[in-house]
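Undergrad: Residue 185 in full-length UniProt numbering sits at position 185 of the sequence shown, with consecutive numbering throughout.
Take these hints with a grain of salt, some might be off.
Claimed, not checked - Derived pair list, reagent style DSS-like, types lysine-lysine, alpha-carbon separation capped at 27 Å:
1. 225 to 203
2. 240 to 203
3. 237 to 203
4. 28 to 127
5. 28 to 94
6. 237 to 225
7. 130 to 105
8. 130 to 94
9. 94 to 105
10. 28 to 214
Stated by the list, open to error - Computed beta-carbon distance windows for the label pairs:
11. 223 to 75: 28 to 38 Å
12. 67 to 212: 15 to 25 Å
13. 131 to 239: 37 to 47 Å
14. 12 to 78: 17 to 27 Å
15. 97 to 182: 25 to 35 Å
16. 17 to 59: 22 to 32 Å
Calculated from the structure, these hints are not laboratory results. All C-beta atoms, glycine included, are put in the ideal place defined by N, C-alpha and C.
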Amino acid sequence: MNPNSPTVPQLSVDFLNRPIAHRGLHDKRAGIPENSLAAFQAAIDRGYGIELDLQVTGDERAVVFHDYRLGRLTPERGRVRDLSLERLASISLKGNEAQKIPSLKQVFDQVNGRVPILIEIKDQDGKMGKNIGAIERDIAPDIAAYSGHVAVMSFNPHSILAMKELAPNVPRGLTTYAWNDSDADGISAADLRSLYEIEMFEKAGCSFISHSVKDLDNPHVSALKKRGVPVLCWTVKSAKSDIRARRVADNVTFEGYLPA
């Protein structure tokens with residue numbers, strides 16, 4: 001499938017023109033936790049796009065949170081997926097007691113189309129396999145109904161295949177990197193090769209990738225770029241790195257500095 005085909009939903013130019021704040025424009029020193037409504041408001045105020053993460057809850061709902069466990073970001077312990085959405089919504093984020101773990105609907109209501117939202121669905125299988133579905137089923141109606149610019153991506157291609165069926169008009173992408181660290185542990189050699197080579201791009205009906213800033217010389221990234229596929233990258237942490245990344249990437253997901 002041609003990624004530029006009219007049957008493949010395309011990224012809005014807003015995703016390419018506005019730098020994208022990684023987990024919102026968070027700032028620990030200012031009491032603005034990552035993936036919080038305060039971080040998303042700070043991004044809106046600066047005119048930046050927003051990237052956020054989704055995990056699954058115990059009642060098979062989606063919640064805006066990066067980690068699989070609560071300890072790094074909240075005073076609580078344990079797994080996100082062991083608690084209900086209602087219980088998670090009552091938990092404060094470290095650094096600002098007033099900021100609770102948000103739902104995607106809260107974010108949509110807050111942003112209301114003012115800046116683009118790039119949603120990363122975290123892998124729920126554990127090995128990038130097919131044991132997914134709860135997040136995708138939960139978010140599909142809200143994403144399809146949202147009037148602002150939104151796109152979904154995941155490291156797990158099966159998640160994006162599910163979104164192709166559940167919300168076919170929403171732009172889809174793959175989050176990609178070199179697959180050469182501990183996150184690759186337990187994944188079969190064949191699956192690692194497929195992930196590294198971005199093999200599922202066409203099958204999942206993708207129109208973009210978001211690739212690691214540390215691996216932008218990857219030949220599979222170059223091949224997609226030559227075909228006109230937009231390349232976003234993560235996570236850029238300085239103005240100097242921003243300049244280097246943009247030699248390949250069409251836009252950056254950033255934190256720790258303020259892009260022009």
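Undergrad: Against the structure, test the hints numbered earlier, and report the numbers of the ones violated in rising order.
TA: Violated hints (numbers, rising): 2, 3, 4, 8, 11, 14 and 16; every other hint is consistent with the structure.
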